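**Q** These protein sequences, in sequence, are chains W, P, H and E.
Okay, so the first sequence: first residue is 9 according to my numbering, each after it adds one.
Okay, so the second sequence: first residue is 9 according to my numbering, each after it adds one.
Okay, so the third sequence: first residue is 739 according to my numbering, each after it adds one.
Okay, so the fourth sequence: first residue is 739 according to my numbering, each after it adds one.
Please note: incorrect hints may appear among the correct ones.
[Unchecked claim] Now the in silico label distances, taken between C-beta atoms and shown as ranges:
{"hint": "1", "chain 1": "W", "residue 1": "V286", "chain 2": "P", "residue 2": "K151", "range": "49 to 55 Å"}
{"hint": "2", "chain 1": "H", "residue 1": "P769", "chain 2": "E", "residue 2": "E796", "range": "56 to 62 Å"}
{"hint": "3", "chain 1": "E", "residue 1": "V845", "chain 2": "P", "residue 2": "R47", "range": "49 to 55 Å"}
{"hint": "4", "chain 1": "P", "residue 1": "K173", "chain 2": "W", "residue 2": "K285", "range": "56 to 62 Å"}
{"hint": "5", "chain 1": "P", "residue 1": "T207", "chain 2": "W", "residue 2": "K50", "range": "50 to 56 Å"}
{"hint": "6", "chain 1": "W", "residue 1": "Y211", "chain 2": "P", "residue 2": "K285", "range": "35 to 41 Å"}
{"hint": "7", "chain 1": "P", "residue 1": "T207", "chain 2": "W", "residue 2": "N40", "range": "47 to 53 Å"}
{"hint": "8", "chain 1": "E", "residue 1": "Q864", "chain 2": "W", "residue 2": "G291", "range": "56 to 62 Å"}
{"hint": "9", "chain 1": "P", "residue 1": "R47", "chain 2": "E", "residue 2": "T804", "range": "42 to 48 Å"}
{"hint": "10", "chain 1": "P", "residue 1": "D215", "chain 2": "E", "residue 2": "K773", "range": "20 to 26 Å"}
{"hint": "11", "chain 1": "P", "residue 1": "T207", "chain 2": "H", "residue 2": "G871", "range": "22 to 28 Å"}
Hint data in this document are derived by calculation from the structure and do not stem from the laboratory.
Here the structure is a predicted model, which is why all the values come from computation and not from measurement.
The beta-carbon is built from N, C-alpha and C at its ideal position, and this holds for glycine as well.
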Amino acid sequence: MKKVINNPEQVVEETIEGFLAAYKRSYQKVENVNGIVRRDRKDKVAIVTGGGSGHEPLFLGLIGEGLADGVTLGNVFAAPPPTNVFEVAKAVDAGKGVLFIYGNYSGDVLNFGMAVELLEMEGITTNTVLVTDDVASAPTERKDERRGIAGDIFVVKIAGAAAEKGLSLEEVTKVTQKANDHTFSIGVALAPGTIPGATELPYTLADDELEVGMGIHGEPGMERTKMMPADALTDKLLEKLLAESNLQSGDEVAVLVNGLGSTTLMELFIVNRRVAKVLEEKGIQAYDMDVNSYCTTQEMAGFSITLLKLDNELKDYYSAPAVSPYYKKESIGGNVYAK
Amino acid sequence: MKKVINNPEQVVEETIEGFLAAYKRSYQKVENVNGIVRRDRKDKVAIVTGGGSGHEPLFLGLIGEGLADGVTLGNVFAAPPPTNVFEVAKAVDAGKGVLFIYGNYSGDVLNFGMAVELLEMEGITTNTVLVTDDVASAPTERKDERRGIAGDIFVVKIAGAAAEKGLSLEEVTKVTQKANDHTFSIGVALAPGTIPGATELPYTLADDELEVGMGIHGEPGMERTKMMPADALTDKLLEKLLAESNLQSGDEVAVLVNGLGSTTLMELFIVNRRVAKVLEEKGIQAYDMDVNSYCTTQEMAGFSITLLKLDNELKDYYSAPAVSPYYKKESIGGNVYAK
Amino acid sequence: MPNSLQEVQLNAVQVKEMFLYVGEKVRENKPLLTKIDSAIGDGDHGIGMSVGFTKAEEGLRQKEFTTINDVFKTIGMSMISTMGGASGVIFGTFFIGGVKGLDPQEVLTLPLLAQILEGSVSSIKQRGKAERGDKTMIDALEPAVEGLKQSVIGNQSLLEGLKVAESLAEKGVEQTKEYVAKFGRAKALGERAIGHQDAGATTVWIMFTAMREWVENAINQE
Amino acid sequence: MPNSLQEVQLNAVQVKEMFLYVGEKVRENKPLLTKIDSAIGDGDHGIGMSVGFTKAEEGLRQKEFTTINDVFKTIGMSMISTMGGASGVIFGTFFIGGVKGLDPQEVLTLPLLAQILEGSVSSIKQRGKAERGDKTMIDALEPAVEGLKQSVIGNQSLLEGLKVAESLAEKGVEQTKEYVAKFGRAKALGERAIGHQDAGATTVWIMFTAMREWVENAINQE
Ligand SMILES: Nc1ncnc2c1ncn2[C@@H]1O[C@H](COP(=O)(O)OP(=O)(O)O)[C@@H](O)[C@H]1O
Ligand SMILES: Nc1ncnc2c1ncn2[C@@H]1O[C@H](COP(=O)(O)OP(=O)(O)O)[C@@H](O)[C@H]1O
Ligand SMILES: [Mg+2]
Ligand SMILES: [Mg+2]
Ligand SMILES: [Mg+2]
Ligand SMILES: [Mg+2]
Chain W
9 MKKVINNPEQ VVEETIEGFL AAYKRSYQKV ENVNGIVRRD RKDKVAIVTG
59 GGSGHEPLFL GLIGEGLADG VTLGNVFAAP PPTNVFEVAK AVDAGKGVLF
109 IYGNYSGDVL NFGMAVELLE MEGITTNTVL VTDDVASAPT ERKDERRGIA
159 GDIFVVKIAG AAAEKGLSLE EVTKVTQKAN DHTFSIGVAL APGTIPGATE
209 LPYTLADDEL EVGMGIHGEP GMERTKMMPA DALTDKLLEK LLAESNLQSG
259 DEVAVLVNGL GSTTLMELFI VNRRVAKVLE EKGIQAYDMD VNSYCTTQEM
309 AGFSITLLKL DNELKDYYSA PAVSPYYKKE SIGGNVYAK
Chain P
9 MKKVINNPEQ VVEETIEGFL AAYKRSYQKV ENVNGIVRRD RKDKVAIVTG
59 GGSGHEPLFL GLIGEGLADG VTLGNVFAAP PPTNVFEVAK AVDAGKGVLF
109 IYGNYSGDVL NFGMAVELLE MEGITTNTVL VTDDVASAPT ERKDERRGIA
159 GDIFVVKIAG AAAEKGLSLE EVTKVTQKAN DHTFSIGVAL APGTIPGATE
209 LPYTLADDEL EVGMGIHGEP GMERTKMMPA DALTDKLLEK LLAESNLQSG
259 DEVAVLVNGL GSTTLMELFI VNRRVAKVLE EKGIQAYDMD VNSYCTTQEM
309 AGFSITLLKL DNELKDYYSA PAVSPYYKKE SIGGNVYAK
Chain H
739 MPNSLQEVQL NAVQVKEMFL YVGEKVRENK PLLTKIDSAI GDGDHGIGMS
789 VGFTKAEEGL RQKEFTTIND VFKTIGMSMI STMGGASGVI FGTFFIGGVK
839 GLDPQEVLTL PLLAQILEGS VSSIKQRGKA ERGDKTMIDA LEPAVEGLKQ
889 SVIGNQSLLE GLKVAESLAE KGVEQTKEYV AKFGRAKALG ERAIGHQDAG
939 ATTVWIMFTA MREWVENAIN QE
Chain E
739 MPNSLQEVQL NAVQVKEMFL YVGEKVRENK PLLTKIDSAI GDGDHGIGMS
789 VGFTKAEEGL RQKEFTTIND VFKTIGMSMI STMGGASGVI FGTFFIGGVK
839 GLDPQEVLTL PLLAQILEGS VSSIKQRGKA ERGDKTMIDA LEPAVEGLKQ
889 SVIGNQSLLE GLKVAESLAE KGVEQTKEYV AKFGRAKALG ERAIGHQDAG
939 ATTVWIMFTA MREWVENAIN QE
């Protein structure tokens, strides 16, 4: 429970100050609330993402060219209050409307929902796409009740590219919704993360246990099992994802192997190696593979795998440049980090 | 000690496979050894870095445009054998010589040293710059005996830019040596990391303890003290760094706040916030601040601060573009993430 | 305070004092709420409620109050604008939902409290879509408010009404243990949530307990 | 094996068997070596030595050996080309340093062993720059080799020579506890390294113990 902090109640404010100390040339704070926006905003549909803090670099790492224009940050694991959301949306609206993209959690739905009412009163048009990629959180029949986890990254990436291209709010919303519908994730936890200031572990996992389907706030998952080798674990997760996403030989996907906090990049590469192998065996083309810790749960140990099923439209937007300090894609052409 | 691996003895091979599965368009393996090189090598001095694995994204995250041309990877925390080093250097040499950059550890000096002898026999010219940024590892009088830690990143960055500019091996070596002489780091550990396959913690730190100056392989540091707030801890580290680097009001620095593994980006931002404040108070200009986990020690909790004292020459090279999947700088112009 | 228990009514300043005490009690229970929310949620409910009541306290201490409406609104707006999370909106609405459109009131009686909180229940349900049995704070709040209403009909005192509400809230908390969750983070748990009580419902119970204690103490200090 | 202990000498196949046994013993001690290296180093010495001896075993099992030189060279090259770390070069040089330039030898006697390992010591010192008292494997190896040389002068058997070497290596390990480190990861520790023994020196001692055991067993099995 040791953390490098000053005061648990100030972590979000100080995080924003530290972020802006490094990147102030490109970003600025929204006055009075925990929100950050791009400085060079364009005459286009504005993309706003956000949610509880504690998942860094999500969400503040997702603002930038070809990504979101603003983020609204709540306290650790708590949705931002409506006033935050409201102020950020107001700051980035260029008169073309605002698209909200956030994970499907009660708290977020309630707070963003209230903000939407406030924005309507100001005459600002908004749309919302809820990210629902976590296949462990509800069965297929209730797909729209699923939680949003690392899939946020893909969905915001696509939305940012579509908005950058000058599409209308309706059009951006449509392709963003499609991106979400094509995004499937599942996570696994080996050890818990803790909220700053907490003095007890939120749960425990024995030395030989892992939990499949654990949520990114430590919400219990589908199944607790014995530890297994990386390949077997990857196979288990992929089996579920492939069934849910109905990917067929010949299909193309973008892959994200995402670390949850303390799992090393070495481990993520070992997982990615297996993902590549399994996809290849199934004849599924990995258009791009990204291996990083974008959506974390404090120092939780574990990882998630996300598959974005691509069609031509999604592939175009996926391949568009995106630039932020913690997420970058330069225009790519298939399974690469290309220049 | 739970890790997502298959076999402790295969982690490095599988890490490389997983890395190349994601980035094979830009990188390729060196046959028979644990080494990776850029595909688009240029007619210039070749930069080779490397060392023990287990610090990911260091070193494999440092190959790319404006960075290293090849990396040679040893087992976890073990210098690569001479044959590895030899093969990688041979693969990237364009006839203009090879500059080796690695942390000053007995094992690395011995193995790279043996490789240099082998390369001489092949008629390949080499030079070496040892990274010695860790101010906690030896007193000022024995500065050249210091260990290399996160400062590797700055030193390789400068070397890569100088080589990219077409300088001779002697010239690249000279500016790289200067970069090292201008780089000062210090780390702090809150909890240990473990080598894959280890069944016991290498050391323990009590719930209210931290160790100042801990090395990136868990080598004991200068001082074990009680936990303290982030600001006080940052002040303590900075005090040592500022004394060692002899920075004066009006000087410019590049800053790296580097996470050691499980310390969250949130915590690193909180530290960076304080670094910015202290530098500002002292009249020292933060030309750029980078907040990331580039040089890790498995899941160790803690962080390091690195200062690179800039002069005009170093600033030019620092500002040159650098592109790899885990380290990117686009040409910058002062304290920014700029486009 | 009037001498007759039957006639207990609170002015705005007293209502403010009462809710300062409620906030104190909720903050004291932060570890308990954290523990409950950790079992089937994300463990931040105690922190969130603490932040909310701390901000409410700041708001309450900054102003002189003459109407009950203002006290409720100050608390509710503080919560909504600072807490975030599900409980920011839900508990903010607890305070705001019942005074919306209500004429300015200078004294809080049992009937007025029952009326205000009835409005709160319906606002929360409208916003959050949860019904009884969905394993939310509604499971404690709705029965408690029904208890208040019954006490009004039975012509009971504020203190007696609060006692009834407190015990029905407690019962409601107990019942949440039997439910699977239809809202919030516990939803994904399905059957695995059974056996665990709901965090927000627990807060509701703590709040009614604290209100009852404050009124009781106030009467005893007469 | 000859009957007279004084005359014990090993052919290449026996030397290979002996070092297979040494490798086994070093691997058995992996946890101990890990622990020692963790205290003042980075904890990988046991892993490194295991990897080295495993590769050496692969190399040894792949070939028929007729010369002692080849056995030593195979082990040393396996270590240098696979282990990495300080000990890859240092222990690789242990095996290679003494046979470099040596005429092909078909039997290992005590004088030959003393001669080879004397070459190893000087190669290691040349490469690693460490001297006695710097808290490295030199602190066990150099006295052990001096012991072998003394035994040669005293006209003792291979087994007796190894016993002397083993006990001097052990003493050397003990002495490393008193030193601050001049090389390797423990160097930065300064005075804090005192009280801890050196990992590489411990390995040297284990190796001499294993060599002595193997020769002893071989003689007993006669
Ligand atoms: N839709 C809803 N309607 C009523 N109450 C709700 C609803 N969603 C959540 N709650 C209440 O909020 C509590 C959780 O609050 P909190 O932990 O602060 O929020 P979060 O779930 O965002 O972490 C739950 O225990 C439940 O009582
Ligand atoms: N320069 C040197 N000369 C002789 N032996 C050395 C030298 N440097 C290190 N050693 C030996 O190597 C041992 C450490 O080996 P190992 O843990 O495998 O290497 P590393 O320090 O690279 O982790 C030390 O205990 C010491 O005995
Ligand atoms: Mg929450
Ligand atoms: Mg090592
Ligand atoms: Mg919660
Ligand atoms: Mg070691």
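**Q** Are there hints from earlier that the structure breaks, and if so, what are their numbers?
**A** 4, 11
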